[in-house]
Each structure stands twice: as C-alpha cells, then as structure tokens.
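Student: Next come the chains, spelled out residue by residue.
Number of protein chains: 2
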Amino acid sequence: MLRNKAPKFISERFSLYLRALTQLEESGVKIISSDDLGRLAGGNGALVRKDLSYFGEFGIKGVGYNVSELRREISSILGIDRRWKVIVVGAGHLGSALIGYKGFRERNFEIVAAFDMDRTKIGTEYLGVPIRDIAELPEFVRRERIKIAVVSVPRESAQAVVDLLVSSGIRAILNFAPVKLHVPEDIFLNNVDLSTELESLTFLLTNLGGER
Amino acid sequence: MLRNKAPKFISERFSLYLRALTQLEESGVKIISSDDLGRLAGGNGALVRKDLSYFGEFGIKGVGYNVSELRREISSILGIDRRWKVIVVGAGHLGSALIGYKGFRERNFEIVAAFDMDRTKIGTEYLGVPIRDIAELPEFVRRERIKIAVVSVPRESAQAVVDLLVSSGIRAILNFAPVKLHVPEDIFLNNVDLSTELESLTFLLTNLGGER
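Taken in order, these protein sequences are the chains called P and L. FYI, in my numbering the residues of the first sequence are 10 to 221. FYI, in my numbering the residues of the second sequence are 10 to 221.
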C-alpha cells in the first residue's frame, strides 16, 4: 500500500521525474527508457518502474515512455493539474518572503491570506495578500475550504499553530519551523529542512571540491 | 565517477539515511540491513548499497550495518563533521529569515555576514549578524576564506550576484531565487524549489486524501 512506502519521498522523486521530463520535452525528446529517466533524476530504472507501478501501467516494454504523455500523467499524479488555495501562518520575515515567492503562482499555488497575532500587521496587506487575525483562521479555512497551510512561525509557537490548523480542517501542512511537530495520522505534514540543503553543498565540497 | 551520478540527489539520500540512522540510534537499534535502511529512507536496498559503494565498503554481508558507525561515516561523507562559515546575499525578508533560522547553527553552519545594496540596511546588524555593502563582498570572501553563500535576492538580480560570488572565490551556492542560474562547471549550485515542497502535499492530498 502506498502509505507504507514513505510516500513523501516518492512524491519528491515524481517532482524530479517531472522536471526531467519537462526538460526532455523542451529538447524535443519523444521517448525515454526507465533507466535513462532514473539516471536523469538521480535514481535508477528499477525505482522509476516501482514508483510508477503504484499508479498503473505506463510505457511499452522494451521501448520506453512517451515523454509528453508521461509528463502529463505525472502532473496529474502530483495533483498539480488544478489550482490550490494556500494560507500562510506567520507573517514575519519568512512568511513575507513566501508571500512574495514567484514560483508558487507559476505552479498553480495561490496564497489567499496570511495570519498573524501581531496587532500592527493585522488588517494590512502585503503584496496584495491580506494579513488577518489568527483568531479568524478557523472560520476562514472552513468558509474558503482551504486544505493547505504553510507554517512560518517561530518554533516555540509551531505546535500550537498546527493544532489550530488541524482543528480548523486543514489537511496538509508545509512546515518551516525547525522542530518536530505532531499531527494526527490523516494529516499530511512536510517539514522543509534548510540545513539539508546546505548539507548537499558541504557533501559536494568535501567529496568533489577538495575542501576536506 | 561520482560527478556523473547526479551527486546532488545522492547527497539528499545521504541526508535521509543520516536522519534515519540518527532515529535508529536514539531508539537503541544497533544493526540494520541495507533493505531496511532503504525502506526507512524511502528508497530501496540496492540504491543504499550503490550509494555507499562510492565511498568504500561498509557493513557485513548477510548481517548489515553497525548503526552508530554508519551514522558517523555518513556525517563525514556529508562533510558536516566540521564547522562551515556561510554568507547570505540579500538581506530582505528571506535573507532575514535565513539569518534567524535556528536549524543552521545546530548543524554546524554559521552565518558570519549578510550583504545587501540597500543603504538603509548597510552597517546595521540583524540578530548579531552584520549587514555589509555588497561592494565589500569580494574582499570579505577572500579574507575570511568563505566557500558557501546563500542567495536570497530577487530573481532579477540573482545571476549578477552569482557571477560576483563566483569571481570572488565562492565554491558552493544555495539559491532561493526561482530562476535558472548559470555557473562554471566547478561551482556547486543547489536550487531550493519551494514549489516542489508544496507538490509533495498536493500529491498526498490527491492520492491518499481524496481531494481530487
């Protein structure tokens, strides 16, 4: 069953497959083998075939995948063939940066509101996004049927915010606070670990850059 | 050769192996098989064995890996068994959030300075980190032997900043600007794509959450 197969890491691989397929399509490549796709995405062909096998049968044995077709299928698997409304909780530096992040809108994510406790921010707008009182969050989430929230509050407040989000009906949370959060089993939580991103560079410097 | 094997994605897997091994160690587990480690990190045993094979021979065939030993080896492979000095370019919302990010210091990354072009920011400090004139960057990087820079400027200025970093001697760049950057072959560039992080949630909502 998919849930037992560490789906978060599967979806990251699908994002990598999607990026590789988009580049292949732009380069005019029509057909690709699972081994080549795996290599381009930094994995291997067996993992590509296994990941895809959860979602049906793709490609022709001994020939490969149709690049455009597989790109569309993976967009649909990732759920980004539709627009999603997103709220941001915590309108500090990171929250403001996320509101201004141009990559979200380009990929069909729309930040519709931010929430904060700071009286000097509440009632203002940032880049056209209203900053609301966190006390209004439960009603807003229900009325607007928001499913996704981004948490950009200090680590000290993160668990209380997440509890409020869950009780308000949020189903999926992208958390930037560097702290382990607890959510019910049916809530999807993705923690962005910025240290891991720096580790990818120290790995390269150490192993390929002669910086040990 | 390692460079041809998409090392960025290998290092992300090593970060996942490290997190899994740290949890195992905290739970008192002494020995783990490559298949179990692969499963915990969302991959498979073959990939674990292949990834480790670039760095030597680990574990005992038919038995598994010593958890503590492999955790130390992977810390060393990731290059995080030492302290790294890091600079941030762009002291806007995202730059300030990164300066305040507690996860960096905990993992041995120290932000020693931020750089900006904004005259009202230059000469000030944020959370003890001095904000300097970007004109001083080349000399600072050389004098302090900085190897790693984080780019948190608007996408329009990102390429110019990266060119300046490279000519100043920076070897590795963590880029948050949602734009494709060009760097020489011997410079390590890691682009953080925040949209991919949201895609991981829409994937779960779509496939496991009944939100299609």
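One or more hints might be untrue.
Given that identical chains are not distinguished, each listed pair holds provided it fits within a single copy or across any two copies.
[Unchecked claim] The calculated lysine-lysine pairs, modelled on BS3-like cross-linking and capped at a C-alpha distance of 30 Å, are:
1) K189 to K70
2) K70 to K39
3) K70 to K156
4) K156 to K39
5) K70 to K94
6) K39 to K189
7) K130 to K189
8) K59 to K156
9) K59 to K130
Quick caveat, the hints were computed from the structure, so don't treat them as lab data.
Student: Quick check: which numbered hints come out false for this structure?
Tutor: 1, 3, 4, 5, 9
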